[in-house]
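Chains A and B supply the protein sequences, listed in that same order.
By the count of our numbering, the first sequence reaches residue 159 at its end, each step adding exactly one.
By the count of our numbering, the second sequence reaches residue 159 at its end, each step adding exactly one.
Keep in mind that a hint or two might mislead.
Straight-line alpha carbon distances no greater than 30 Å define the calculated BS3-like cross-link-like pairs of lysine-lysine that follow [what the hints assert, rightly or not]: (1) B:K30 / B:K118; (2) A:K118 / B:K118; (3) A:K118 / B:K30; (4) B:K30 / A:K30; (5) B:K80 / A:K80; (6) B:K118 / A:K30; (7) A:K118 / A:K158; (8) A:K151 / A:K80.
Rather than coming from a laboratory, the hints here were simulated on the basis of the structure.
Every value quoted in this text rests on a predicted model; they were computed, and no experiment measured them.
There are 2 protein chains.
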Amino acid sequence: MADAVLFEFLHTEMVAELWAPDPDPGSGGKRRSLSVLEGLGFRVGQALGERLPRETPAFREELDALKFLCRDLWAAMFQKHMDGLRTNHQGTYVLQDNSFPLLVTMGSGPQYLEEAPKFLAFTCGLLCGALHTLGFQSLVTASVASLPACKFQVVIQKS
Amino acid sequence: MADAVLFEFLHTEMVAELWAPDPDPGSGGKRRSLSVLEGLGFRVGQALGERLPRETPAFREELDALKFLCRDLWAAMFQKHMDGLRTNHQGTYVLQDNSFPLLVTMGSGPQYLEEAPKFLAFTCGLLCGALHTLGFQSLVTASVASLPACKFQVVIQKS
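With the sequences and hints as input, model every part of the structure.
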């Protein structure tokens, strides 16, 4: 489906573009690039959260919001559902994607692992932005143990 | 359709991000930003040109390639066809979109006209990149007379 491919290509080139400017890997450049990508993702996630069809006008329960991300948001972005959702019932959620599309184009050897964070930052921001639109403040991080699988950890911030 | 919305949101935020860094509008900053957006578009267009289904393995005629952009490429990006295609039969083509989706979110008053180029640069690059994949060197520029309509002018470079 060309639409999905279009988003993936644009994401790849955007990462390449935003990663390139800082010639000094020892400086804060990488952190800055990650933060720019996260910020972009946040704003896209906010906008997307407003546009996706929702059966209920509000999500009172955190778990409903997280299920919405795993099903509807993931389907809109990647034409599939998240593979797993676990929670400690204390505001921490782990979302598992066994084959994350934005990592699939990378090689799968361990030597690529350190390249992974730049392909996850946008989506971390996007999840956080979508949750923000749904009324939840959160911290979202991602980790990769074995490419192209990855986990997003969402910690809901209590006000 | 959320996929299309996703691309449009990402494009909007990317333009905002790449437009912002240069605080001095009098310098070459705007030209540089436009050129970065065009470059991004070019690479996405190249990749997209390789992935879109093509009935014939090669486009011998320029006009076939241009029709492909107006139908298949536009459908993949914007779920519609280009509204018009004219040519002088000497290598110059004018592609008309009466309601270009990446301009629709802008206001339509004449005061917005000068903002338009930054929303067109990526797509100019993309058309050029897709043509490159199809075997044609080109120069692509865009113009807006009345928002949200716009015209892309493609000049095929003879080798």
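Hint by hint, here is what the structure shows:
no. : hint            : result
1   : B:K30 / B:K118  : holds, 9 Å
2   : A:K118 / B:K118 : holds, 25 Å
3   : A:K118 / B:K30  : holds, 26 Å
4   : B:K30 / A:K30   : holds, 24 Å
5   : B:K80 / A:K80   : holds, 24 Å
6   : B:K118 / A:K30  : holds, 26 Å
7   : A:K118 / A:K158 : holds, 28 Å
8   : A:K151 / A:K80  : holds, 16 Å
In terms of the numbered hints stated before, the structure departs from none.
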